[in-house]
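A.B. asks: What follows is the residue order along each chain.
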Amino acid sequence: MIHSARHFVKTALNMLVYRHIHCAISRGLASSRAGLNPAGRTSASLIAILLLGLGQQSSASVLPEDRTDFLYHRYSGGGVTIDGPSVLVRKSVGKNVSIAANYYVDMVSSASIDVITTASPYTEERTQYSLSADYLRGNTTMSMGYTSSVESDFDANTYSFAVSQDMFGQLTTLTLSYSFGDDTVGRSDDPTFAEDNKRQQYGVGLTQILTRNMIAALNFEVITDEGFLNNPYRSVRYLDPNSAVGFSFEPELYPRTRTSTAIGIRAKYYLPYRAALETQYRYFSDTWNIESHTGSIAYVHPWGDFTFTAKYRHHSQTGAHFFRDIFLRSEATNFRGRDKELSPLTSQTVKLSAAYEFIEDGWNFIDKGSVNVSLDFLRIDYDEFRDISVGQPLGSEPLFSMDAAVLQVFFSFWY
Amino acid sequence: MKTGRLIRVILPAIALAALSGCSSIEPWVKPYERDRLADPIMFLDMDPVSSAYIYHVYEAREGARGGEGTAGGGCGCN
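Residue numbers (numbering that gives the first Met the number 0), protein chains in the order written: chain D, 0 to 414; chain B, 0 to 77.
Across the chosen pairs, the derived CB separations fall in these ranges:
1) Arg7/B <-> His313/D: 24 to 32 Å
2) Ile115/D <-> Arg7/B: 43 to 51 Å
3) Asp402/D <-> Arg7/B: 39 to 47 Å
4) Glu124/D <-> Arg7/B: 40 to 48 Å
5) Val162/D <-> Arg7/B: 21 to 29 Å
6) Arg7/B <-> Arg255/D: 22 to 30 Å
7) Tyr71/D <-> Tyr31/B: 35 to 43 Å
8) Tyr31/B <-> Asp195/D: 52 to 60 Å
Sample of chain B residues facing chain D (criterion: CB under 10 Å; computed from the structure):
9) Asp34
10) Ile40
11) Ala63
12) Gly65
13) Glu67
In case anyone wonders, no lab produced these hints; they're calculated from the structure. All of these numbers come straight from a predicted model, not from anything done at the bench. For every residue, glycine included, the Cβ atom is placed at its ideal position computed from N, Cα and C.
Using the sequences and the hints, build the whole thing.
C.D. replies: See the structure below:
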């Protein structure tokens, strides 16, 4: 079964972008990341400063840390369970190149509101591979990546490129990114069905050290899609006097183009004691008339070998211009959709996570190791999408809402 | 329309920032003052594998995309 894998956007690319942020900071201070105690960190910093002074001209930005993560993820909510592994391996090759590879699987078991009202529950699997490489030269990092996602009825290939430049004494990092996606949409019940979707993404990111306690990032991203953008299995409902329940279903039909703009700003602040506070805001609008505001606040608190994080995120959006919970008649408008994600909605997330560092002082070739358990509780209230599974008479169905729990357990190793 | 307006504002700002890179700006936060910023708790993306996944969940469950940091992947979103 197909999903909205058109959300499929540049894992590889994004793995490229954000890690450059700390290039500016990490010059010579990399050892302080390795979990040294405060006293050790101070002396490491002093040594680093001396080295910095000596190597000011020759050493510039740095490549991302060598690191491997083994993640198990499980999403459960609204009749849908999706779980699977994700493995991300990053290793530098020589002084100027860093390679990253990601293997990710979604195993889906769905009896969601969309499925139980118009189709049959199903299970399926999506597998994604990503490969990316960074090349560092002076203060410039050039990156490229490729991501492939395969489902029984949806193939997606994404090619990404980025250039990142550290400027102004490493206080500022500017990143330009571009990615191109090429999807093929199929149908599991119709082997002859094949539609294309092309996607381009343009991004500009600016990361700025503001004070010795504060870093901020500005992200601007435009994404354009062209092709078959709706889900071939989903339906809209319309008033039908010939139907016993008063309505019938017909296939949805989306516009064949979509352009979206997102601008995000985030800032992280080191508190007077060793803890961090992060705020984030994102404004989004697109040519389907979806407009949204997303904000979050997070608090990170280390305690001994543990690091605790708590986060609250709030998202509200208007609906797409062609979304209706019910249309007045068959083929009432040029474009028709009843995807609940296109409805006006409010979503709220509370996240709690704890990380424990079980290798601090090195073991064989491993410098540091940690285990992290994270839980996200997600609540979505839909303003126009109604719950027709409860069997209420037409017009009196309650508005739909859903809760989901997202579990992540992952082991991370630095080497 | 909104996209056009945003581009008109942001592109000149970026061009200005890029051009001013030719002149030397004295860093107001010295390298030896960046120890706190180098603390892992100050990383904007502390765990890339985890943030890529959770932004993917948001993109599958909401109508917006991009601009929020890492994202990626298709989804099982029906």
